[in-house]
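Order-wise, the sequence lines are chains L and R.
Heads up: the first sequence at position 187 corresponds to 187 in the working numbering, and the numbers run straight through without jumps.
Heads up: the second sequence at position 151 corresponds to 151 in the working numbering, and the numbers run straight through without jumps.
Simulated from the structure, these hints should not be mistaken for laboratory data.
Hints may be right or wrong, so weigh each one.
From the derived model, a few chain L residues whose C-beta atoms are all more than 12 angstroms from chain R [unchecked claim]:
hint, residue
1, A108
2, M127
3, R182
4, G183
5, E200
No more than 20 angstroms apart at the CA atoms, straight line, and that leaves these computed lysine to aspartate or glutamate pairs for EDC-like [unchecked claim]:
hint, chain 1, residue 1, chain 2, residue 2
6, R, K85, R, E12
7, R, K129, L, E62
8, L, K233, L, D260
9, L, K211, L, D295
10, R, K76, R, D56
11, R, K129, L, D16
Computed footprint of chain L on chain R, listed as stretches where at least three residues anywhere in the stretch have a Cβ under 8 angstroms from a Cβ of chain L [what the hints assert, rightly or not]:
hint, region
12, 123-130
13, 142-154
On a predicted model such as this, the values are computed, not experimentally measured, just so you know.
Glycine included, each C-beta is placed from N, C-alpha and C at the ideal position.
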Amino acid sequence: MRKAVLDTLVSLVKRDLRVFFLTSDTGFHVFDEFRVKYRNQFANIGISEAAMIGMAAGMTLEGARVFVYGIAPFVTMRCFEQVRVDLCQNKLPVKIIGVGGGLTYGGAGPTHHSIEDVSVMAALPGMTVICPGDPAEAAAAVAASMKMTGPCYIRIGKSGERAVHGKPLRGFAIGRGIRVRRGRDIAVIATGNALAPADEACDLLEKRGIKAELASMHTVKPLDSGLVESLAKRFDTIVTVEEHNIVGGMGSMVAALITDRGSTVRLHRIALPDTYEARGGSDSYLRLRHGLTPDRLAERIAGIYGRKGKAR
Amino acid sequence: MMKSALRNIALEVRKDIVRMHGKGTNVASAMSCADILTALYFQVMRIRSPRDPGRDRFILSKGHAAAALYSVLSHKGFISRSSLKGFLADGGRLTGHPSRSSAPGIEVSTGSLGHGLAVGAGMALMGRKNRRAWRVFVLMGDGELQEGSVWEAAALAASLRLDNVVAVVDVNGWQGYGQLEEFMPAKSLAEKWRAFGWDAREIDGHDMDGLCRTLDRAPFTKGRPSVILARTVKGRGVAEMEADPLGWHYFSVPSGKTAGFLAELERRK
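Just chain R, same shape as in the assembly:
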């Protein structure tokens, strides 16, 4: 797909995220990974149908960015566009964190951080045992890397030489109380993954060309799992969110601001 077409889809995904967050939190977390999800679903992953056994698998381990996933699934045609209205709605199916039973295309329930990588490793192990060519992509947040279970899974995937699992980290630098830097310096991330036996690449998580190129090349090394540290801006696309990423970790979009945000997204496309 042309990169301009991909950027158009990413724009539509961001517009969906803004529209969906009239209530609820985590709008800025969904915005930061919109380009990554678009690159994966519309360029990198082989996935024509969520039921195709040969499809590439995706796990949104940072489940709080659910709105981005729902939007992408709707643009893929796996769920209806109108179903997005059910996000966070009373009695609706699209919960704040993805539930496996809620919609086709959601491989696994997530929401509690630090779960996705081990599940992805288990899928990848079976893919290899059954000699299947598909890959498993696991998207994590950078704050999520503070969960010890991530590193249990990282050690395990490397020791099993699972090169069909690809981790992507949305490095937006922010977490619940402030900047990640206080807990886990972003500079050390690649070193940590390499020390655990992974091949790590650092890229700009909003550069569609770079995202597609790098994701397409994974696995980078035979016999080693790959991780892509995608540097992103939390709230990317809306200046007010970018300026106050911590606040927009919690705010919902007031109805008076929706039109302005949508117009800004169009302008900055």
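Next comes chain L alone, as it looks inside the complex:
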């Protein structure tokens, strides 16, 4: 995803001299070419996220179109109040790119895991929260963010994420989820890092004779209520899948929405438990541990579908 974001940024800075990219000492080597070639539009602010957000606000007030970049937990929570006051209360369209959403920085430990960022950013009035699920969504989200009039948070993984969307994405719109595959038995809504494993899980489910419909809810706020409502009408059960604390993530928002609308659809939320990770290990180990790999997801979703069958 990082590469897709970088390529998009390069095309944006080339086209528009008002586009600036600030990093808080993150992305060494990734931006080597960028910072030389577009040095007038690049700045390493240093290890000071609060100052970076404040600077971005000041620059935006003077007509700049600013992207800030940092490791997801630091660029959202270390400088939370600067995001709240300088960006949200001033209503400034600064784009925050957080790298390493969820358990991406697995072995680095819980300081580097980002399991609360979606909830925390979504609590801010005026903030848009986007969790792209594959490189194409990441590129499209960065490009689309240029048209925004308020701040947004784009939570990406890092590198090597599988492409879920085969063709180049057309018609991507912030706030509008994407139907990835059609199904008939159960609906799955996934966001961010969880989209690719959820997609593979649907393949595995299909082999077992369960046809799951899969939607990518890349924009968590504002949530695509139309998409959720249509799934709630067509299916008995919705499963949400995300790499975020079960408290306050996309699943919580879907739950709130279906409750508000009086829907009787059954909802199962698959997410991370409300605890900091005590074990070390790679991101793939931690995903396995929390049942977020394709195999485990397929098993869990099949279990949910089976239980529904028995209830009948």
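We have chain L; now place chain R onto it with these hints.
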């Protein structure tokens, strides 16, 4: 502008502050920076209209002194005199800390301390990139300097060599629980700023001549940001406030005292 005319404006600003604080807190904090704001808006800053792209920028990072800013903006004609009545009023637009959307001339929302300098640095960076001559003035409180984010921004502005940003610190020596001295000795302030790469000057924050002279000269050194440590008296102009600056950090002005305070301000002009 003649210094006597500036002193007259500062008097009117103080009278506004007293009248506006029939309720609410922070009257004494607004009084301590009334001369600084008057010098900036009526002598130092080039600002004919809040919408002029070439204007000098001002950020009230010590947002709790909002009444002083509103008063100055009204004397500049950027907001109406009658709008001051909306300060702290139910449904009014002028909140206890300035909000960017509430009135023309408020560059940025402030109120939470330690935000203004980084925002000012961002503006200054764009001013330099676009080869504009305007400067950014950021007024902070001395207590505000305890916020770590101030020093992140200070280091950053110096490393970017932003000489078009000018920080002014209202050194009135008081904060929520008592004297600043307990937390950050006032004597060390200039040394701290210099150690961060700033050119620092210390002046009397109520001496209109000195304020105008020093502020006019900023930036003091090419390639370095400037800071002016303006020593002030909290509650300046009203003896009762000067004698109990901590109490008047919290008190509002009871209606029975307003006339007396206004008369005293006139006398001591």
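Structure-based check of all given hints:
Under the 12 angstroms C-beta cut-off, the non-interface status given to A108 of chain L relative to chain R holds; the minimum distance is some 23 angstroms. The claim that M127 of chain L lies off the interface holds: its Cβ sits roughly 15 angstroms from the closest Cβ of chain R, which is beyond the 12 angstroms cut-off. The claim that R182 of chain L lies off the interface holds: its Cβ sits roughly 45 angstroms from the closest Cβ of chain R, which is beyond the 12 angstroms cut-off. For G183 of chain L, the condition that its CB be more than 12 angstroms from all CB atoms of chain R holds, with the nearest at approximately 46 angstroms.
The beta carbon of E200 of chain L sits about 43 angstroms from the closest Cβ of chain R, which is more than 12 angstroms, so the claim that it is off the interface holds. Distance hint between K85 of chain R and E12 of chain R is fulfilled; the C-alpha atoms sit about 15 angstroms from each other, no more than 20 angstroms. Proximity of K129 of chain R to E62 of chain L is assessed by CA-CA distance (about 11 angstroms); at most 20 angstroms being required, the pair is judged to hold. With a C-alpha separation of about 15 angstroms, the suggested pairing of K233 of chain L with D260 of chain L holds against the 20 angstroms cut-off.
A threshold of 20 angstroms between alpha carbons decides the hint, and for K211 of chain L with D295 of chain L the separation of about 16 angstroms falls inside it, so the pair holds. At roughly 14 angstroms between alpha-carbon atoms, K76 of chain R and D56 of chain R fall within 20 angstroms of each other, so this suggested pair holds. This hinted pair checks out: K129 of chain R and D16 of chain L have alpha carbons roughly 14 angstroms apart, not beyond 20 angstroms. Only when three residues or more bring their CB closer than 8 angstroms to a CB of chain L does the claim for the region 123-130 of chain R stand; here the count is 7, and the claim holds.
Coverage of a stretch by a chain is defined here by at least three residues with a beta carbon nearer than 8 angstroms to that chain's beta carbons; for the region 142-154 of chain R and chain L the count is 4, and the condition holds.
Checked against the numbered hints above, the structure breaks none of them.
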